[in-house]
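Going down the list, the protein sequences come from chains A and B. The numbering of the first sequence is the working numbering, which starts it at 4 and goes up by one. The numbering of the second sequence is the working numbering, which starts it at 31 and goes up by one.
To be clear, the hints were calculated from the coordinates, so they are not data collected in a lab. Predicted model only: the values in this text are computed from it and were never measured. A couple of the hints might just be wrong.
In silico lysine-lysine, DSS-like type, Cα no more than 30 Å apart, as pairs [what the hints assert, rightly or not]:
{"no.": "1", "chain 1": "A", "residue 1": "135", "chain 2": "A", "residue 2": "170"}
{"no.": "2", "chain 1": "B", "residue 1": "309", "chain 2": "A", "residue 2": "190"}
{"no.": "3", "chain 1": "A", "residue 1": "170", "chain 2": "B", "residue 2": "39"}
{"no.": "4", "chain 1": "B", "residue 1": "287", "chain 2": "A", "residue 2": "60"}
{"no.": "5", "chain 1": "A", "residue 1": "190", "chain 2": "B", "residue 2": "357"}
{"no.": "6", "chain 1": "B", "residue 1": "221", "chain 2": "A", "residue 2": "131"}
{"no.": "7", "chain 1": "B", "residue 1": "357", "chain 2": "A", "residue 2": "202"}
{"no.": "8", "chain 1": "A", "residue 1": "131", "chain 2": "B", "residue 2": "357"}
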Amino acid sequence: MSDNKIVKVNGKALVITGDDIDTDRIIPARFLKEITFANLGQYPFYDERFNEDASLKPHPFNESNRQDAKILFVNKNFGCGSSREHAPQSLKRWGINAIVGESFAEIFASNCITLGIPAVAVSSKDIKDLQKLALENADLVWSVDLKSATISTFGFTVTLIMPEHHKQTLQQGLWDSTALLLNNLDKVRQLHDQLPYTKNYGG
Amino acid sequence: MAVGTLYDKIWDQHVVCRLPTGQYQLFIGLHLIHEVTSPQACDMLRERNLGVLFPGRTIATVDHIIPTTDQARPYRDTQAEAMAQALYDNTSEFNIRFFGEGSPEQGIVHVMGPELGMVHPGMTVACGDSHTSTHGAFGTLAFGIGTTQVGDVLATQCLSMDPLMVRKVQIDGELKPGVFAKDVILHVIRKLGVKGGIGYAYEYCGSTIEAMSMEARMTICNMSIEGGARIGYVNPDETTFAYLEGRPHAPRGTAWKRALQHWNTVRSSDDAIYDDQCKINAGDIAPHVTWGINPGQSVSIDESLPDPSSLPDGERQTAQLAYQHMKLTPGQSMNGTKIDVVFVGSCTNSRIEDLRAAADVAKGHKVASHVRAIVVPGSRQVANQSEKEGLHEIFLDAGFEWREPGCSMCLAMNPDRLNGDEICASTSNRNFIGRQGSPHGRTLLMSPQMAAAAAVSGHVTDIRKHCV
Ligand code: SF4
């Protein structure tokens, strides 16, 4: 599992501003019709990036000098709405390896953990500073460091907020939840046998 | 943290152990799957050479992509057909019960599970769908999960979870005429905010909730996620038990009696401690309609739309975007807004009670000539029951289309969709940009009664004027 360890994500940043960016905006439902996640990297924010004739609209994900960005700066309640894992999958497959925001919707955040994407929070003031700097200079390289709990670029550092155990989960490479859950199947079977409804309430 | 709530009791009973990550391994009593979020999970099982631990604890149905005109396979849409086939193949390979197209049980996953009596008080329920919170109406911990987690439940019947805090949302008093469960939950979301529920489970209680039918409670719990709360629940009571009794998957005979004994223990204690509480007076709630691009952007039918400059920073930007997208103006009222389409359906409002209510309003009227109106029952059972009661004839006579069950225009993964910038009076749960299939489409969320009234008048209208 050692290559699962995620301690640092380095790269350029993309800025998406606005609260309550929902998963229908991140990936419209019509792109959920593929039965694998393989092609999803083409579609993040599709309707905001492309006109009906497939020509480009101005959008952060379309900027030529940010195509290699690895980190996304967002505001409050990012990823609200649907539980579709397609949303973080599409961002990850586009190239995003870390998301920094003021807050995240619950299911979106938990999907990020299962995919090994740090979704980390910073204060309202800090996100404004990060977004401003990143917008002014596309070439700035940022470092999201889970160990020191900071996000920094040349000469500028802010503290990130993430539940301690989420940080540990990523740093220790334990984000493969399936592997962890599989370790305890004996206990699972025991609990199953004790629950009233699995035995038709003893009737 | 909360102590002695229904949440705590069910959580404690279902924790298998603590994981090295600090999260908890939680046993899932009922797992529901559908065609959109399960194929990749089944691929994962095959890749890792894993089986399904308790195949009997997962039930599958097809709902999101199913056409509502002709449901016979193969579907004309080849991608939809591939999804349906994948679900069919996966459920046969892994020995999972599948209520597919044409089966008498098929329906929207959150309509089907409860009406078959599968959802019992005290259970944990998971589904790769955020509106799984619906099932909390039965006194369960029910929540949406991602696809990797669908794989986790299949392989281990468990999830890796963090506990939530619990907020008591107490609603007391009698609802005014013309005000329904949908108005209540839109009011709650507006009051507590679309992000207010992050980190919380919502316990809905108080005399208003106690007086509600199971259908109404499901409408409320369904939209918890729109307020940011992954879980919403109601303590089970006689209404819950009466709904369950006699349903195909409810216990019978002596098992029923023992089940009742157990179910009576799964409720929040009188002296339970909550992480937060809020009180709402039912009498303050008027018929609601959304004007914006998230379910928190709603107003009472007779209220004027907010001025963005009066809103706090974050909300202001969303409001500006909303006005731009919706082509509405601050200060105007929603009453009288001309509509193009009416959609009565979705896991929020497509149960028998919802269709009866909509039919009641439509009866003897005609859908306005410029309006396209469709009614999509939530399940085959709802469709059959409606047809038995003649509701379909009321709708057809009034000029509504009467469709086959499915998610339909709630998210437009099937052929039902808005065109261009059409504006739709919808009983669904999300008014997000593009949600109903057109990037420029506009959605107004409202109750089935208000939607039916909008259909016949051709514009958004105050249902209370119809009541008198
Ligand atoms: S009706 Fe809408 S919200 Fe409900 S499960 Fe279907 S798509 Fe999701």
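Hints, one by one, checked against the model:
{"no.": "1", "hint": "A/135 x A/170", "in the structure": "26 Å, holds"}
{"no.": "2", "hint": "B/309 x A/190", "in the structure": "41 Å, violated"}
{"no.": "3", "hint": "A/170 x B/39", "in the structure": "28 Å, holds"}
{"no.": "4", "hint": "B/287 x A/60", "in the structure": "63 Å, violated"}
{"no.": "5", "hint": "A/190 x B/357", "in the structure": "57 Å, violated"}
{"no.": "6", "hint": "B/221 x A/131", "in the structure": "26 Å, holds"}
{"no.": "7", "hint": "B/357 x A/202", "in the structure": "56 Å, violated"}
{"no.": "8", "hint": "A/131 x B/357", "in the structure": "29 Å, holds"}
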